[in-house]
Amino acid sequence: MLTRFKTYTTQEKVTRCAILALAVVLLVLPLFVTNSYRLYFFSMIGVYIIAASGLDVLVGMSGQMSFGHIAFLAYGGYISVLLSNYTGIPVIICMIIAAFASAGIGMVIAVPCAKLRAQFLVLATIAFSFFTYQLICNLHFLNPYRGLYTEHMVLFGLDLNSDYRYTYYFSFALVAIVLVLKSLLSKSKAGRAMMAVRDNSRSADGMGINVRHYKVLAFAISAFLCGFAGAYMAHLTGFIVSDSFVQPLSFNFVLMIIFGGTNTVFGPVIGAFMYQLLNELLASAQAWRSVLYGVIVLIFIAFLPGGCVAGLRRAGRGLAKLIDKNQAGKETARNDKS
Amino acid sequence: MLISVIIAGLVMGAIYGMVGLGFSIIFRASGIMNLAQSEMITLASLIGVTLYQTVGLSFWLALALTMLIMFAFGALLQLGIISKYSDRGVAGIYMVLVTLGLSKVINGGCELIFGANPIQFPSVFSVSTVNILGAFVTPERILSFFLSALGMLVIHLFLTKTKVGIATRACASDAVAAEACGINVVKSNAVVWGLASAVAAMCGMMLGPIYGAAISLGSKVGTKGMASSVSGGFGNIYGAMVGGLLLGIVESFVGGYVNSTMKDMVAYLLLFLMLCVRPTGLFNEQAVRDV
Chain X
1 MLTRFKTYTT
11 QEKVTRCAIL
21 ALAVVLLVLP
31 LFVTNSYRLY
41 FFSMIGVYII
51 AASGLDVLVG
61 MSGQMSFGHI
71 AFLAYGGYIS
81 VLLSNYTGIP
91 VIICMIIAAF
101 ASAGIGMVIA
111 VPCAKLRAQF
121 LVLATIAFSF
131 FTYQLICNLH
141 FLNPYRGLYT
151 EHMVLFGLDL
161 NSDYRYTYYF
171 SFALVAIVLV
181 LKSLLSKSKA
191 GRAMMAVRDN
201 SRSADGMGIN
211 VRHYKVLAFA
221 ISAFLCGFAG
231 AYMAHLTGFI
241 VSDSFVQPLS
251 FNFVLMIIFG
261 GTNTVFGPVI
271 GAFMYQLLNE
281 LLASAQAWRS
291 VLYGVIVLIF
301 IAFLPGGCVA
311 GLRRAGRGLA
321 KLIDKNQAGK
331 ETARNDKS
Chain S
1001 MLISVIIAGL
1011 VMGAIYGMVG
1021 LGFSIIFRAS
1031 GIMNLAQSEM
1041 ITLASLIGVT
1051 LYQTVGLSFW
1061 LALALTMLIM
1071 FAFGALLQLG
1081 IISKYSDRGV
1091 AGIYMVLVTL
1101 GLSKVINGGC
1111 ELIFGANPIQ
1121 FPSVFSVSTV
1131 NILGAFVTPE
1141 RILSFFLSAL
1151 GMLVIHLFLT
1161 KTKVGIATRA
1171 CASDAVAAEA
1181 CGINVVKSNA
1191 VVWGLASAVA
1201 AMCGMMLGPI
1211 YGAAISLGSK
1221 VGTKGMASSV
1231 SGGFGNIYGA
1241 MVGGLLLGIV
1251 ESFVGGYVNS
1261 TMKDMVAYLL
1271 LFLMLCVRPT
1281 GLFNEQAVRD
1291 V
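If you read the protein sequences in the order shown, they are chains X and S.
Note that our numbering has the first sequence beginning at 1, numbered continuously upward.
Note that our numbering has the second sequence beginning at 1001, numbered continuously upward.
Simulated from the structure, these hints should not be mistaken for laboratory data.
Treat the hints with caution; some may be incorrect.
With a straight-line cut-off of 20 Å between C-alpha atoms, the simulated DMTMM-like cross-links for lysine to aspartate or glutamate are [claimed, not checked]:
1. K189(X) - D199(X)
2. K115(X) - D205(X)
3. K1263(S) - D243(X)
4. K1220(S) - D205(X)
5. K1163(S) - D1174(S)
6. K1187(S) - D1174(S)
What you are looking at is a predicted structure, and each value in this text was computed from that prediction instead of being measured.
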C-alpha cells in the first residue's frame, strides 16, 4: 500500500516524462510516416530490441558473455516456420512454442557451459553458433540457400502482414511487454540472484545462491527472448534463409547492448535504434560499418562502460537539479513577496 | 585415397596447429582470449600477397618481411591499445569484447585498403603437384607442413633457450614476481603479442596459396585454430599443435569419407563438445572455474 503514496523525486519525474514522451512520439509516428518500407524498418527495430534485451539478461544481469546468440534466433525462426508451415497451428502460438523450444535448447547448452570461465564460454557460444549455421546448411528440407516462405501472422482475425502499420504496433506492444517483464525480472529474487552471481560468484555461493542454477536460468531466459525475436523476424520478413544467421551477426547484438548500456531496461532500445540507423546510413559502405562498430565498442568500453543510458542518466540528474533549483528559487521569491 | 586423406589432414592440421599456437601464446602470457588473432592472419596474408605479387619480392623475402611487419604491428597493438585496457582493469568478458572490436576494425581496414575481392595467391613453385606414395599433393602444402614444424621448433627454442623467451615465460607464470626480478613485464607482453602476430603472418603466408588471400580468410580458419587450441588445452603451445593435427585428421576423414559439406560442422561440433566434456583439453587445467 505504501508504494501507492510514494512521492517521486524530481529525477524520477524527469525520467518518467522522457519515457512517456518517447512512447507518445512512437505511437503517433505511423500517422506521419506512411512509407511502408520505413514502417517495416521500424518494426524490425522491435526484433532487435527483443533480441538485445534477451542478450542483456545474460550479459548485463548474469555476467556471462555470448558471441553466438544469433543461433537462438535461428532455432526460434526455423522451429516456428516449420511448425506453422506443416501443422497449421496459428502463427502466434507457433512463435511462442518456438520461443520455449529455444529456451530449452539454451538450457541444454547452458548446463555444461555455465561452469566455463568467461573466455571459454565465449568460445563455446561461438562454436555453437557456427555449428548451428552449418547444421542449417546441411538440412536440405530447410532449403537453406534459397530460403523458405513463411505464413502470415494473424491476431484475432487481423492479418498483421497485410499492412506494416499493424506490424509496427505489434512490435511496439511486444517490446513494451518485454521491457516490463525485464524490469520486473531485475527487481525479482531471480534477477537479484543473477546480479549477485555476476558481481562475485564466490560470495553469492556463500550466501546460499545456487550459482549454476541461476546461470542456467539466465541462459534459458535469454534464449527464450532471442528465440521469440527470431520467430518474429521470420514471420515479419515473410522469408527465412540461412544467411541471416551467420555467426558474425551475433556481434551486432553485443554492440547494441554495449552502446545502449548493459543491465538497463532502455539500453537495448537505444542500441537497437542506433544500430538500425547506422546500418541504413552506411548500407553501401560495408567496410566502414565494420570499422565504425569496432571503434564504437572500443570507445564505449574505455570511456562509457555504462553505455548511453548512463550518459542520459547523468544528463537527467543535471536537469533534475536545475528544475529543483529553479523551483526553490521561485519559492523563495514567493516567500519574499508575501 | 587413404594416403591422400591422411596427407591432407596432416597438412591442414599443422596449419590449424599454428593458428591455434597464436591464440595459446597470448592466452598463456596474459590470460586474454585474443579474437583479433584470426584477423591478423587475414591482414598478414594480404600484406604477404602484396609484397610477393605486386612488389615482386621472392617468396622467402616476402615471408620474412611480412613476419617482421606483423611482429611490429602486434607489439604496437599490445602497447598502444590492449595494455591501456588492462591498466584500466577491464573485466575478463569485456576484454574479449575489446579484442573482438579490434578484429572488426582490422577486418574493415583490410577491406578498405585491399578491397573486398579475394586476391589470387601466385604459386610458389614451378612444379604443380608432387607424387607421395601415389597421392598427388601441391608442393605449397608440403612446404606448409614443414614450415609449421620449423616454426614450432623455433618457438620452442625461443621460449626455452633465449633470455627474452625465458623472461616471457616468467611473466606468464607470475607477473608480479617477474617484475620483482627486474623483468620488464610491459615489454615482455609486447614481445608475446609480436610473436603471436608473427605466427599469424606465417599462417597467412601458408594459407594464401591454399585458399587465396581474402578478407574472409581469418574467420574461416580462426575458429578452427581455437578448436585446436582448446582440444590441446588452451594456453599449452605444444597441445595446440597436437590438437591441430587431431582436428585436421578428423576433418579430412569426414570430408573424404562422409561428406565434404559436413567437414566444417564436425570441426565446430568437436570444439563445442570438447568444451563441454573436457574443457581442460588434453594437457591443461585452466578452463574450469571452481564454483
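Hints, verified against the model:
1. K189(X) - D199(X): 15 Å, holds
2. K115(X) - D205(X): Distance ~13 Å between K115(X) and D205(X) Cα, so the pair holds.
3. K1263(S) - D243(X): 19 Å, holds
4. K1220(S) - D205(X): Judged against 20 Å, a Cα distance of about 40 Å means the pair is violated.
5. K1163(S) - D1174(S): Distance ~17 Å between K1163(S) and D1174(S) Cα, so the pair holds.
6. K1187(S) - D1174(S): The given pair, whose Cα atoms are some 15 Å apart, holds under the 20 Å limit.
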